[in-house]
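Novice: Construct the entire structure; sequences and hints are all you get.
Chains as they are written, first to last, in our numbering: chain S, 1 to 201; chain V, 1 to 201.
Hints in this document: simulated from the structure, not taken from any laboratory.
It should be emphasised that the depicted structure is a prediction, and the values quoted were computed from it without experimental measurement.
Careful, some of the hints might be misleading.
No copy is singled out in the list; a pair is fine if it fits within one copy or between any two copies.
[Said to hold, decoys possible] No more than 25 Å apart at the CA atoms, straight line, and that leaves these computed lysine-lysine pairs for DSS-like: (1) K190 to K44; (2) K121 to K132; (3) K31 to K183; (4) K136 to K190; (5) K44 to K183.
Number of protein chains: 2
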Amino acid sequence: MKLFHAPNSRSMRIVWLLEELGLEYELIGFKLGEKAMREPQYLKLNPMGRVPTLQDGDVTIFESGAIVEYVLARYGGGRMVPERDSLEFADYLQWLHYAEGMIMPQVNIIIVETLFLPEEKRNPTNLARAQKLLNKSLQAVETGLEGRDYVAGEFSGAEFMTGHACVVAERLGADLSDLPNVKAYVERLKARPALQKAMAA
Amino acid sequence: MKLFHAPNSRSMRIVWLLEELGLEYELIGFKLGEKAMREPQYLKLNPMGRVPTLQDGDVTIFESGAIVEYVLARYGGGRMVPERDSLEFADYLQWLHYAEGMIMPQVNIIIVETLFLPEEKRNPTNLARAQKLLNKSLQAVETGLEGRDYVAGEFSGAEFMTGHACVVAERLGADLSDLPNVKAYVERLKARPALQKAMAA
Chain S
1 MKLFHAPNSR SMRIVWLLEE LGLEYELIGF KLGEKAMREP QYLKLNPMGR
51 VPTLQDGDVT IFESGAIVEY VLARYGGGRM VPERDSLEFA DYLQWLHYAE
101 GMIMPQVNII IVETLFLPEE KRNPTNLARA QKLLNKSLQA VETGLEGRDY
151 VAGEFSGAEF MTGHACVVAE RLGADLSDLP NVKAYVERLK ARPALQKAMA
201 A
Chain V
1 MKLFHAPNSR SMRIVWLLEE LGLEYELIGF KLGEKAMREP QYLKLNPMGR
51 VPTLQDGDVT IFESGAIVEY VLARYGGGRM VPERDSLEFA DYLQWLHYAE
101 GMIMPQVNII IVETLFLPEE KRNPTNLARA QKLLNKSLQA VETGLEGRDY
151 VAGEFSGAEF MTGHACVVAE RLGADLSDLP NVKAYVERLK ARPALQKAMA
201 A
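Specialist: Structure (structure tokens):
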């Protein structure tokens, strides 16, 4: 497998996944925003010029949530996916999708408004709205973590999505003071060697 | 199954899905933004006070992409999900996740900037940026539809996500003039009785 990756991007999720599974892969590194990501050759693989993209034989696939599901279905051997008839199966799917549906849109706006835009183009209303919604979206994770260490009970594929989003939110300075479950969850994830390796990749 | 639904929201995706599968369900209707969606009783089911939420026996699940996967896994009997070893399986997963990852963040901003905010609070820069990114995100769908009627070949669960997002984008006035595949795709989907029923629900 070849993984197209840039540090501090969503592709970290897939490095983390592949490391947790102990799979072999070749890392093809970009810097976020670099020109090579917009070259025709790469746009053939990923028309948005984004990372991650995974190549696995004949298969080319983008979207991190899709890659998590694909890799677990093909190479997971049942690991990190709750049984289809368990109650946890629904939680797994929910938190697998929740990251992009609810948390990351706010994270994106915060990154644009604090890092990408030149100061004179920043909009404090956008930023304040996103920070408020980010906090609200993390409160749902707080509830979901009640009485459990991971969002679907045991460590699962959902961690690469909602767990990663929580780690990123904390790094962006999200206020976790009233979210003790999320705070402990982020620490628990950051203690995993596979995530540490992904953060350094 | 009980489906919490509001017209013109993402829950339309699930009505459409349940109609395509011919499953029985009870529809519990909200109006978007109405107070009942923020009552403690509903927030216990969906802490963000959003729709859709699906209740199925002991299971409560939100996030439309998750509900699509859950319903197809439990009640689809193999319909609308490509075989795990097919090339189409990766496309299916990719377009299932693409809607929320790439298209809907722009759709959300356009809705906020043209409908939700009072005129004096609207920001033309936000709107222009979102419209540009929306068009770009649909160009990737245009490429994905090359030589096929649906995003993963045969009609699949990915239609409820990326297909729905294309239908919504068209309704919001996205410029499809240079996207003939997307335009034909939207027409193809809108011709389906199950989607028509969902749009009227």
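Novice: Provide an ascending list of the numbers of those earlier hints which the structure does not satisfy.
Specialist: Numbers 1, 3 - these are the hints that the structure violates, sorted from lowest upward.
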